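**Q** Both chains are given apart, each in its own frame, so use the hints to dock them into the complex.
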Amino acid sequence: EDQVTQSPEALRLQEGESSSLNCSYTVSGLRGLFWYRQDPGKGPEFLFTLYSAGEEKEKERLKATLTKKESFLHITAPKPEDSATYLCAVQRYGGATNKLIFGTGTLLAVQP
Amino acid sequence: EAGVTQFPSHSVIEKGQTVTLRCDPISGHDNLYWYRRVMGKEIKFLLHFVKESKQDESGMPNNRFLAERTGGTYSTLKVQPAELEDSGVYFCASSQGGDGTQYFGPGTRLTVL
Chain X
1 EDQVTQSPEA
11 LRLQEGESSS
21 LNCSYTVSGL
31 RGLFWYRQDP
41 GKGPEFLFTL
51 YSAGEEKEKE
61 RLKATLTKKE
71 SFLHITAPKP
81 EDSATYLCAV
91 QRYGGATNKL
101 IFGTGTLLAV
111 QP
Chain C
1 EAGVTQFPSH
11 SVIEKGQTVT
21 LRCDPISGHD
31 NLYWYRRVMG
41 KEIKFLLHFV
51 KESKQDESGM
61 PNNRFLAERT
71 GGTYSTLKVQ
81 PAELEDSGVY
91 FCASSQGGDG
101 TQYFGPGTRL
111 TVL
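Heads up: the protein sequence lines correspond to chains X and C, in order. 75 is the number that the numbering used here gives to position 75 of the first sequence; each next residue is one higher, with no gaps. 76 is the number that the numbering used here gives to position 76 of the second sequence; each next residue is one higher, with no gaps.
One chain only, chain C, in its complex shape (with noise of 0.2 Å):
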């Protein structure tokens, strides 16, 4: 069974530009969630969406980031116009039910110079 994947694993971009970050989940996981680790920091939350509905985007830092999950397959996350705050690593995670066990993809490490 395939993992949970995410598109790129590393991009590089400069301030005030717009980049899309993607998420594939495992097929059939309905619930799929984005965090992001900043460097020296923890894994945080920014939101959660059941099927193509988000259920949660309490931890979304500013109206420059906007997710979407159209169909309720894969995910997209855009950044628009980049800061030099967004940089970090971006995760993305896929569960089977609500309360399920929640896997990880890869990541993909933003820098925004």
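For reference, chain X alone in the conformation it holds in the complex (with noise of 0.2 Å):
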């Protein structure tokens, strides 16, 4: 069964403390892995889409990497308004629809 697990579920850094966040996939056949930022009352909001094992992908302080098992978001020295909940999304071959498999997010709050 498809499965989209991420970690942690919560994290609180102080403003220019970089880190990591991760994201676990079990599919069977990888078309794409989507990063989603969503803050509160809003919907998600695209980020990255990552393809294949070794790439990567940035946005200012965001670097998003892919494994043939887990994708990381980088996040390099944050700011307060970086704080969202990111969300991981996998699509997988085959079927008759392009769905999104979601995990449940990471709630990140950057303090000043």
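Among these hints, one or two may not hold up.
Just a sample of chain X residues kept apart from chain C, beta carbon distances all over 10 Å, derived [claimed, not checked]:
1. Glu-1
2. Leu-11
3. Leu-13
4. Ser-19
5. Ser-28
6. Gly-29
7. Tyr-36
8. Arg-61
9. Thr-65
10. Lys-69
11. Asp-82
12. Thr-104
13. Leu-107
14. Gln-111
Covered stretches of chain C, going by a simulated chain X footprint (3 or more residues, C-beta under 8 Å) [what the hints assert, rightly or not]:
15. 39–53
16. 99–111
Residues of chain C placed beyond 10 Å of chain X at every Cβ, according to the derived structure [what the hints assert, rightly or not]:
17. Ala-2
18. Phe-7
19. Pro-8
20. Gly-28
21. Tyr-74
22. Glu-83
23. Gly-88
If you are wondering where the hints come from, they were derived from the structure by calculation, not from laboratory data. Owing to the predicted nature of the structure, the values given are computational and were not obtained by experimental measurement. Idealized CB from N, CA, C, for every residue including glycine.
**A** Structure follows, in structure tokens:
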């Protein structure tokens, strides 16, 4: 069964304190792995898509990496405005749909 | 470019009543998805439209849920009759291609009392 597990569930950082969020996945044929950011009361906001092991993508203070079993979202020198829930989702090959399978997310709080 | 919009933002109804949620996708996006997040759980897929056709409705919980997308533009999700366990946040997403990036709306928070 396809599954996505994110850790930690919650993370509290001081401003400037770099860290990483983990997304472990089990899927029968990965088409893509997606990272989204979600602010309270809003919908998920797209950040990155990774397609193959070894791929990396960056955006401002965020960098996403992918292996055959997991993905990391590295946050370098975070600011309070980076506080949000970060969601990981996978999409697999085959079948009639392109649905996303989500993890439960990591709630990040960055304190000034 | 306008994003995905959903209406209403909140809905509070009594058990047994009917509620209809609406989603307007990004203009030109043929693919439209419905997802749901119940408290404490992950976001889960409900169904996928390609234009006006249901591509996959394997995530629909039961026959109290009816989704439509007449004309291949906006979509509605009707819950009739609503039960307590239907409470949650219902998200709509759209994408240009079948395997394209899915862009999400702000969600509709449904509370069934």
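**Q** When the hints from earlier in the document are held up against this structure, which numbers fail?
**A** Of the numbered hints, 7 and 12 do not hold.
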